[in-house]
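Peer 1: Read off the chains here:
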Amino acid sequence: MSDRALTCQDVVDIITDYLENALSPDDRRRVEEHLALCDGCTTYLEQMRETIRLTGMLTQEQIPQEQRQQLLEAFRAWTA
Amino acid sequence: MSDTGIVASSADLAVLERLRAGDETTFMMLVQEHQAAMLRIAQMYVSSRAVAEECVQEAWLGIVKGLDAFEGRSSLRTWMYRIVANIARTRGRREGRSIPFSALSGDDDEPAVDADWFRATTDQFPGGWRSFPDNWRGIPAERLLAEETLETIGRAIEALPPLQGEVIRMRDVLGWTSGEVRNALDLSETNQRVLLHRARSRVRRELDAYLMEERDER
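Heads up: the protein sequence lines correspond to chains A and D, in order. Here the working numbering is used: position 37 in the first sequence is 37, and no number is missing along the way. Here the working numbering is used: position 120 in the second sequence is 120, and no number is missing along the way.
Quick caveat, the hints were computed from the structure, so don't treat them as lab data. We treat Cβ as the ideally placed atom computed from N, Cα and C, and that holds for glycine. Take the hints with a grain of salt, since some may be wrong.
Here are the computed distance ranges between Cβ atoms for each label pair [unchecked claim]: (1) A80/A x T190/D: 41 to 49 angstroms; (2) E46/A x D68/D: 47 to 55 angstroms; (3) E33/D x A77/A: 18 to 26 angstroms; (4) T190/D x A77/A: 37 to 45 angstroms; (5) P25/A x Q32/D: 37 to 45 angstroms; (6) R119/D x R68/A: 50 to 58 angstroms; (7) M57/A x D134/D: 15 to 23 angstroms; (8) T25/D x D39/A: 50 to 58 angstroms; (9) S188/D x R68/A: 29 to 37 angstroms; (10) D186/D x D39/A: 35 to 43 angstroms; (11) E213/D x T59/A: 22 to 30 angstroms; (12) D23/D x Q65/A: 15 to 23 angstroms.
Can you make the complete structure from the sequences, with help from the hints?
Peer 2: Okay, structure coming up:
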């Protein structure tokens, strides 16, 4: 990243790097300085965190009974 | 040894021990947990759902047969996903399919947030928000957690390019670490993060559009 101040558009582009702790200490500090002064980006970051939290509420798909039965038989055959 | 430094956890070892002892309940729990994801992984590489199902079936047999040889040098689930990916890749090659990485990852230049949201380069504050994103704090929890909201997220994930979808499912639905996801899907650290970024950005966008539409109706 260049040395000029981060724009909001820059922050949005590197928000995952920020959340994943993948930024250099210097860049991390620049993001935090920007966030401290920018309500728009702070809201964006909150939206991103909320998106991650809500995505975590999804549950897994069920699998068809027939496939389960086939696999169970394969497992039985192996352990027999 | 994988370069991610992940090894089987003590929980993995306990599962292994039960599987080796022939515990059917443990095996069926494993199937329940991983079948759908394994099927999606296989579908990335082969031509049809039917062939993908065969690959997964073959993978389970390989997993069952390989249990005694599994040395715990990766987590159990990454080991399993690598088995199905290898089988499906080989099968895909035999089918004469070669799928460019970009087709799976959605190698587009789609920005995280549409450029319209930001001020032009000629503006006094280039790259600044034109208007701030909407605050979700005022939305009641029951609306956020409503079935319909979660379905909106589910549909957004379904619509993602396959690898983006798999990365966000593993990371954010299933709670895997980035190292495990990289290992299971054979991705570099950067690729994993780029895919996650695109996926999360897209889901946020869809979610925001949905939540704001609801709000406008009120």
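Peer 1: Are the hints correct? Go through all of them and say.
Peer 2: Each hint, compared with the structure:
Taking the beta carbon of each, A80/A and T190/D are about 47 angstroms apart, inside 41 to 49 angstroms as hinted. For E46/A and D68/D, the hinted distance range of 47 to 55 angstroms is satisfied, since their beta carbons lie about 49 angstroms from each other. Separated by about 21 angstroms at the C-beta atoms, E33/D and A77/A satisfy the suggested range of 18 to 26 angstroms. Checked against the given bound of 37 to 45 angstroms, the beta carbons of T190/D and A77/A, roughly 43 angstroms apart, stay inside it.
The supplied range of 37 to 45 angstroms is met by P25/A and Q32/D, whose beta-carbon atoms lie about 43 angstroms from each other. A hinted range of 50 to 58 angstroms for the beta carbons of R119/D and R68/A is consistent with their spacing of about 55 angstroms. At roughly 21 angstroms, the beta carbons of M57/A and D134/D sit within the given window of 15 to 23 angstroms. Between T25/D and D39/A the beta carbons are some 52 angstroms apart, a value that agrees with the proposed interval 50 to 58 angstroms.
Under the hint 29 to 37 angstroms, the C-beta atoms of S188/D and R68/A, about 35 angstroms apart, fit the expected range. Restraint check, D186/D to D39/A: a C-beta distance of roughly 41 angstroms satisfies the suggested window 35 to 43 angstroms. Look at E213/D against T59/A: about 24 angstroms separates their beta carbons, and that is inside 22 to 30 angstroms. In this structure, D23/D and Q65/A meet the distance hint of 15 to 23 angstroms, their C-beta atoms being roughly 20 angstroms apart.
Comparing the model with each numbered hint stated earlier shows that all of them hold.
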